[in-house]
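Student: As a plain string of letters, each chain reads:
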Amino acid sequence: MPAYAYPHYDAVRPPELDGENLLHDVVIVGGGPVGLSLALDLAQRGVRSVVLQSSNTLSEGSRALCWSKRTLEILDRFGVARPIAERGFTWSTGRVYAGDREVYHFDLQPERDQPFPAFVNLQQYFAEEYLVDATRRAGGLIELRWQNKATGIAQDGDGATLTVETPHGYYPLRARYVVACDGAKSTIRRAMGLGFEGRVFEDNFLIADVDVAGDVGAKDRRFWFNPSFDPSETALCHGQGDGMWRVDFQLGWDVDVAAEMRPERALPRIKALLGRDDVETTWISVYTFQCRRVEHFRHDRVLFAGDAAHQVSPFGARGGNSGIQDAENLAWKLALVLDGRAPDALLDSYHDERAYAADENIRVTSRTVDFMTAKTPLRARMRQAVLGLAEKHDFARALINSGRLSTPTVHDGSPLNSDHGLAGPAAPGGPCPNRRLADGGCLLDHLGRGLRFEGLYMADGAPGAMPLPAFKTLRAADVPVDTIVVGAGDAEGLRALPDPDGRVAATLGAAPGQYILLRPDQHVASVLPTFDLADARAALDRALARPPAPAMARAGE
Amino acid sequence: MAERMRTDLNIADADAFYEALIRSHEGLSDDDSNLLNARLVLLLANQVGDMAILQQCLAAARDGLD
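Respectively, the protein sequence lines represent chains D and C. Start counting the first sequence at 1; every next residue gets the next number (the working numbering). Start counting the second sequence at 1001; every next residue gets the next number (the working numbering).
One chain only, chain C, in its complex shape:
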């Protein structure tokens, strides 16, 4: 059976992560901020690795935007 995307919380301290995420953008222009997010997506995707899960993440991210 193919791996399934996790949707339960998997980050021990979610608020600390969110703060770090916001902080990582401090002082950047909008363009660079977008670029940071794009780089971050690629880095995190490489942590996941599994293509089946990545496909599910892509679909979930796209969901509702059409």
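Chain D with its partners taken away, still in its complex shape:
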């Protein structure tokens, strides 16, 4: 394969440079996967945005690489998931070695009838390219400004003003909300003087994208503790798109980073790992990382998402995926606050939910690093014991931690949830489970496309016995709840989703008569054991951070 030809995007001369005073609804600082998916999500909710891209091209190297099933479900709303899945490499088997011996392998067993696998590996630049293409299909709602670099920020009660540097000069850029998606070294975070403290892991990792000639055979994820072919403490090898490989070596702390990155030093160890000589590298880098997050994801008119807000160990693919999940969480909330239908407090829930998710990801990935880096004799001995026992005993395999791969966070305890004690696969705070339907489409195709809530009502009896008038009342509310009657062929003008073999009900774990209230981001707000209009309205108000409506005066009082 020829090396990827990074596209060049021309600098944009913005109208502000020529003296126009504009107030944008949303300015997104940073056009990586998080910023671009936020812009696309906002556009799907009818909100315009400006995206500032500091460079004139896409990010270098494969970087985020592993796109999770939930991320693909989100990107599918923008038409980006299928191109990623087609070009990318789908894997499901991971093999773990101690030295040369395979101690165990795992299969990412996908749920049944899923349109997307657990993971697709594709270089970040391809994902960004598809996301950029999708912004051009967004009805003119997204303005990408290449070579426009935010250098400073100030805010007041009505908005925030960025200082932006371009090849043509500086200009002020004003927005009602600014979302910083500008990465771990976030300019906005620094300009606001926000701390980003956390745990430093004293280790350097060599990372490379590798092109090989011809067929490469099986491309399972392979992870070595103390590999025999290299002095590194661990090594990781992944397949990726266009027949390429991605390799990682854990070098240690006291190394000469510049020397390690030289091809004459890196290539021999890559050849040893892959066991072949016909390899070329297209990208070599050395990285370190910390596990940390900003204390608050929201500072009035400025919100932080992705690596700008949180950084985790890369083992587990929880950086890029959780960043895109930040964006899906924020988009509908910004849209409803901007148009005045939800109170400002809804944006506080973005912090509540996504800081909770970041804490989960930091906790999980820190444990992985603690297993991977045996920095004390005790840790080394414990790891040796686990790896030794794992060859014969199942329980020890569960203790081997070479990365716990990204799953979407269930926002337990979110202030937006109304918990009625039902906890099935569709649980308050988590995404609605997906399933391919008998007609070839899938459940999530029907959900989360507009700026409305949706209710999945599990049909119970004949249409005449169902509370269809109440569903119509909910559909007419200021923030509509569009009810889908699951298991009915027709629902008198309401949406109906036939479920001939009961697979939707089984996927949701929902019994007849239950009502699942879904937010615009396909997340469950509440599961009502039986439908009740007042309960549904209360759950809607809560999911919008609105104060509860005053109780209606009861007759006779």
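Calculated from the structure, these hints are not laboratory results. Careful, some of the hints might be misleading.
[What the hints assert, rightly or not] The calculated SDA-like cross-link candidates involving lysine to any residue, where the alpha carbons are at most 25 Å apart (straight line), are:
1. Lys392(D) x Gly1064(C)
2. Lys375(D) x Asn1034(C)
3. Lys149(D) x Tyr170(D)
4. Lys392(D) x Met1051(C)
5. Lys375(D) x Ala1014(C)
6. Lys392(D) x Val1041(C)
Knowing the structure of chain D, use the given hints to seat chain C on it.
Tutor: Frame of chain D; chain C shown alone:
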């Protein structure tokens, strides 16, 4: 029939346990760390109680070290 040693996973959150185990050693010298592990073996053995199972655990732990 004698009881058999469990080898399937019996810890609800294995990663949390492992983290707690590693943390319990923080700040200890190598000698004290070894002593902690020895104490832990005794405490856990007393939870198990059954001598047949303990014998199987001893054999499994020894396996491969000769």
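Student: Each hint needs a verdict: does it hold in this structure or not?
Tutor: Verification of the supplied hints:
1. Lys392(D) x Gly1064(C): holds, 11 Å
2. Lys375(D) x Asn1034(C): holds, 16 Å
3. Lys149(D) x Tyr170(D): holds, 9 Å
4. Lys392(D) x Met1051(C): Roughly 21 Å separates the two Cα atoms, so the pair holds.
5. Lys375(D) x Ala1014(C): holds, 20 Å
6. Lys392(D) x Val1041(C): holds, 20 Å
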